[in-house]
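Asker: Based on the hints, put chain W in the right spot on chain L.
Chains as they are written, first to last, in the numbering used here: chain L, 3 to 408; chain W, 43 to 361.
A couple of the hints might just be wrong.
[Said to hold, decoys possible] No more than 25 Å apart at the CA atoms, straight line, and that leaves these computed lysine to aspartate or glutamate pairs for DMTMM-like:
| # | chain 1 | residue 1 | chain 2 | residue 2 |
| --- | --- | --- | --- | --- |
| 1 | W | Lys-74 | L | Glu-231 |
| 2 | W | Lys-74 | L | Glu-229 |
| 3 | W | Lys-209 | W | Asp-281 |
[What the hints assert, rightly or not] Stretches of chain W that chain L covers, calculated by requiring three or more beta carbons in the stretch to come under 8 Å of a beta carbon on chain L:
| # | region |
| --- | --- |
| 4 | 130-137 |
| 5 | 149-157 |
Bear in mind the hints are in silico, worked out from the structure with no lab data behind them. Where is the CB? At the ideal position from N, CA and C, for every residue including glycine.
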Amino acid sequence: MLQDIALGLLTSDVAAVTGSARLIVDIAMYFGLFVIVAMALNFQYGNAGIPNMGCAVQVIVGGFTVSALTTRLLFTMVEASGLQLQPWATDYDWTYNNPANVKIANDYIQTNAMFGWSMLLFSLAVSVILGAVIGWIIALPAIRLRATYLMIVLITMADASQIFGRNIPAISGGTLGMFIPNVFAWYSGDRTVLTAVIALLIGLVSFFIFRTMLNSPYGRLMRAIRENEVTVGSVGKNVVGIRRNILMFASGVTALSGTLLAFYFSFVVEANYQRAFWTYWPWLMLILGGPGNNAGTFLGCALIVAMRRVIIVNKWFLQEIFFFPVAYFESVLLGLLLILVIMFRPNGLIPEKLLYIPGINYTMMVREEVEVDWRGTTTVQRGFSSGIKGIFNVLGGKKTTKKEDE
Amino acid sequence: MLIPAIWLAALVFASELTLLSIGFTLTYLTAKIPNFAHGTYAGVGIYVSYTFAKIWHLSPYYGFPVAFVLGGIFSVIIYKLIIGVLTNMGGGAIVLTISTLAIQIFLTALIQIYAYYLRDRFSTYAMMFLLREDDFEFAGFPGIFLVSLTLTVSLVLLLHYMLTRTKIGVAMRATAEDPELASVLGININQIQLFSWFLTGGLACLAGAMIPLWFQSSPQSGAAIITSIMAGSLLGGFDSIYGSVIGGAIVGMSEILLTTWGQAFIGVWVGEWRPIVPMIFLVAVLLIEPRGLQGVWSNFAATQTGENFRKAVGLLKEE
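Bound-form chain L, shown alone (with noise of 0.2 Å):
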């Protein structure tokens, strides 16, 4: 199996990667995919206690970018190396033409590795940017506001994206969609199984960047603003601007994972980016996998994915146990477990974990129960020193017994 998809990461052979062993990168692949947008939202909800639930509009505007810049963009250079495409200047010649000027972009990407790796970078960079406009401009209504108008400002962003897409066909087609140039035209095995890899790479990439945004000050002032915005506003901090920060941030990050998306249908279209699959999805992994904690993302993430993937891959043979389509079992099954979880595992799967700060061994201090004599202190020794190293000694974790006097 495992041979399989390194033939068809290493072959010419197209048709290697079947059976079981598509399923696993078919399963990496949305892995990937996921724990890029959960990985972001654990970073907001988890750390900072910002309830995006508008996951879904960053992640169609990765989808965008490929399809109304990329896509664009690709053609005029095409053109301009003297090959002649078909016109795509109106909206019908965009979308009618799509295909024929797909092919011949795919054939001149063939012999230029170079220049479809440029796109490739070309796509995510642009998507992160306009990710990050996207989120300042779909938080500005409601982010002085409290959690709740923003959770309701988001979701319905999330269909206003999906309208969009839908009407105005020089972003991506229309209803109809349309293809995309494959930018691993040039690649001679399976190109499904090269996007898995660029996919979960980045993912890994975009876990070291918020782990270490995590365990910085900063990591920590987001925790102080989920627990109590009121103190950090008292001392001084931009609550607002730091929420608006993060939110920004995060989009961007999630718009990667629809660029990805894109590569890998080589296809965009308004409906693969349904509110209820970019957004619900993720934040049941996150529930699951438990927020604030990075591992229990992963561990979320991957368990869902499976799952999923399994049931979808297997749909006829459940078919024959439901009277009616799985589709719709798919959502009794993310209702169930969303509301399961919050109810019987409101913690997830592994609790939360203590941001890890150089220097102060702060974890041992609140795990064991330090108790300090006070009376020792003040009334037996009267020493100043004494008292300095009392506190020390709280600062340490160094337990001091108490006296037995009673």
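Answerer: Relative to chain L, chain W alone:
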């Protein structure tokens, strides 16, 4: 016909949305959460009407009381099993809101399964339908226009009477204001909560039962209407029942009128953008005055002109 069909449609939709917005606001007042499953109760009502009209071949109007009771029971079950339990566990507003989203997903799936079952078993168009042919006509007006308008107006008046004159209404307001203080005064908070959840669910389901008599309905239309409900409630101020009556009516009217006029004067493509209208309301209200009409009114009342106006109308007694 005396009134153009656009205005009929706008008034029907406005009255339905008013009922839904009132229920949404009541839930927000008592539980302090936006109930995303509120639109899905309307989905239940839609299929009560459908079952009466197409499966049992009765008038869909017989389904209205059934819808009210059924919606209330659904709502009470949800409160008893999930919302109440989570509140006692100490879940915050965000967790409770996510749980209502989960309920919305679950209930919508159940409605879809029911619709699929009806289509499979009775070979009817249960997935996308319109019940206008089952409606009656009175004095040149379609029945649903008269029924929805009278029902909404009388229910609003009844609710006003209940909240200001009866004991249970005053107890509801007290519970919404401060639950602890209310319980000190001897109000059974649990009973009041159950009653208000029953009322909101019932009103939403009743409004839902009216929808398919004029508008095309599908299993998802209950979940889709939630944006309009939230816009109406937010325009009214989110914690004012009288505000939500006006807000729901304004959003409902403008959603129909703006799209129809847009189609007539700008182009047919405007019709596709109908779901954007409540979103524009939502964003505009949050940007201009987050407290909605309630905030506008209280700002106006605080000024000298507002005081004079209130004296003239009789809202403010001279000392």
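Asker: Starting from Lys-74/W, check that the Cα of Glu-229/L is at most 25 Å away, please.
Answerer: Holds. Lys-74/W to Glu-229/L sits at ~20 Å (cutoff 25 Å).
Asker: Are there three or more residues in the region 130-137 of chain W whose C-beta lies within less than 8 Å of some C-beta in chain L?
Answerer: holds (count 5)
Asker: Starting from Lys-209/W, check that the Cα of Asp-281/W is at most 25 Å away, please.
Answerer: holds, 21 Å
Asker: Tell me if chain L covers the region 149-157 of chain W under the three-residue, 8 Å CB rule, please?
Answerer: holds (count 6)
Asker: For the pair we were handed, Lys-74/W and Glu-231/L, check the Cα-Cα distance against 25 Å.
Answerer: With a Cα-Cα distance of about 20 Å, the restraint between Lys-74/W and Glu-231/L holds, given a limit of 25 Å.
Hint violations for this structure: none, all hints satisfied.
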